[in-house]
Amino acid sequence: MSLSILFLAAFAASAVEMVEALTIVLAVGLTRGWRSPLIGTAAAFVALAGIVGALGPALTLVPIGMLRLAVGGLLLVFGLQWLRKAILRASGFKALHDEDEIFARERETARLAGTEKHAGLDWFAFTLSFKGVFLEGLEVAFIVVSFGSTKGGVPVAAAAAGVALVLVAITGAVVRGPLSRVPENALKFAVGTMLTTFGTFWGAEGAGVSWPGSDAALLGVLAFVAVVSLVLVHVLRRVHGAALGATT
Amino acid sequence: MSYVVRFGRFWWDFVVGDDWLVAVGAVAGLGGTAALVHYDVTVWWLMPLVVVALLALSLRRAIR
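Going down the list, the protein sequences come from chains U and W.
The numbering of the first sequence is our numbering, which starts it at 87 and goes up by one.
The numbering of the second sequence is our numbering, which starts it at 2 and goes up by one.
Excised from the complex, chain U in its bound form (with noise of 0.2 Å):
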């Protein structure tokens, strides 16, 4: 069951960056041509996989209560986050993750930038792209990893992961524009809330916490998140509409 969440979580989170690095990418290739954001590109997945392939057996080393303990307070502080943002944006308080302007604003960018080359590549193009997917990656490759203290966390991680770069590399190649029709703020706040779940769950086993129903009490930790988020939209929209009734 927990890996059926966990899978979820990384696929939503996954999904959601390479969206985003997918705009960056399709921005420097349809200005400059497509042979050196595709190889930042492949650069960058590269140094990611090494990250996953490097942390995440270097886990297995550390004592399983101490490994849930941080990795459940990595998972709390990133799931917060994400909620956070989230929850502005659906309430009208933060403006709602707009691909279409962003790829327009890294085309002119790409546009205006100066032709450099480096061993053969056109070096704004492929460390664009490079960084793009490597600081949009770099989050999944620590969510992936960090499911590694569940047993089989990691390869279902990493599996989803991939399943979601593939529906993604895909479409892009398919649509050739920013897929900006992807609910991004609904997948950020799907994202939050797993995360959010699995950081306290773990955190506090972690921590010497037993759970009423063991394993059974993610689900019960899920919907009390889900449902205490789904309030504080709600009361921030009215803030924010009585907020802007204000004002006119």
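Accuracy of the hints is not assured; some may be wrong.
Derived Cβ-Cβ restraints for the label pairs, each shown as a range [claimed, not checked]: (1) W:ARG10 <-> U:VAL325: 24 to 34 Å; (2) W:ASP19 <-> U:TRP297: 21 to 31 Å; (3) W:LEU37 <-> U:ALA199: 35 to 45 Å; (4) W:SER3 <-> U:TRP297: 37 to 47 Å; (5) W:SER3 <-> U:ALA199: 22 to 32 Å; (6) U:ALA332 <-> W:VAL6: 35 to 45 Å; (7) W:THR43 <-> U:TRP120: 37 to 47 Å; (8) U:ARG267 <-> W:ASP19: 23 to 33 Å.
Worth flagging that the hints you see were computed from the coordinates, not collected in a lab.
The beta carbon of each residue, even a glycine, is placed where N, CA and C say it ideally should be.
Given the coordinates of chain U, work out where chain W should sit on it, guided by the hints.
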């Protein structure tokens, strides 16, 4: 800005994010949970409450 400062700032932004209170609160919550478990207190309920408190506080700070 030196490389070390930029490197440190990158990791601070990456882990801590927009609101340091969330990171500090999560660590304090887990520390408090561990301390109470040490004294045989049943505290499975504490971290879910910490999550609610941190979310509410952080959102309040964000919309002020």
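Q. When you take the CB atoms of ARG10 (chain W) and VAL325 (chain U), is the distance between them in 24 to 34 Å?
A. The hinted range 24 to 34 Å holds for ARG10 (chain W) and VAL325 (chain U), with Cβ atoms some 32 Å apart.
Q) Lying within 22 to 32 Å: is that true of the beta-carbon distance SER3 (chain W) to ALA199 (chain U)? A) Given about 26 Å between the Cβ atoms, the range holds.
Q. Between ARG267 (chain U) and ASP19 (chain W), does the beta-carbon spacing fit 23 to 33 Å?
A. holds (27 Å)
Q.
Against the range 21 to 31 Å, how does the distance between the Cβ atoms of ASP19 (chain W) and TRP297 (chain U) compare: consistent or not?
A. holds (30 Å)
(Q) Tell me if the beta carbons of ALA332 (chain U) and VAL6 (chain W) are separated by a distance inside 35 to 45 Å. (A) Cβ of ALA332 (chain U) to Cβ of VAL6 (chain W): about 42 Å, so the range 35 to 45 Å holds.
(Q) Taking the Cβ atom of LEU37 (chain W) and the Cβ atom of ALA199 (chain U), is their distance within the range 35 to 45 Å? (A) Cβ of LEU37 (chain W) to Cβ of ALA199 (chain U): about 56 Å, so the range 35 to 45 Å is violated.
Q.
If I claimed the Cβ atoms of THR43 (chain W) and TRP120 (chain U) lie 37 to 47 Å apart, would that claim hold in this structure?
A. Roughly 59 Å apart at Cβ, these two residues miss the hinted range, so it is violated.
(Q) Range first: 37 to 47 Å. Now tell me if the beta carbons of SER3 (chain W) and TRP297 (chain U) are that far apart. (A) holds (45 Å)
In terms of the numbered hints stated before, the structure departs from hints 3 and 7, listed from lowest to highest.
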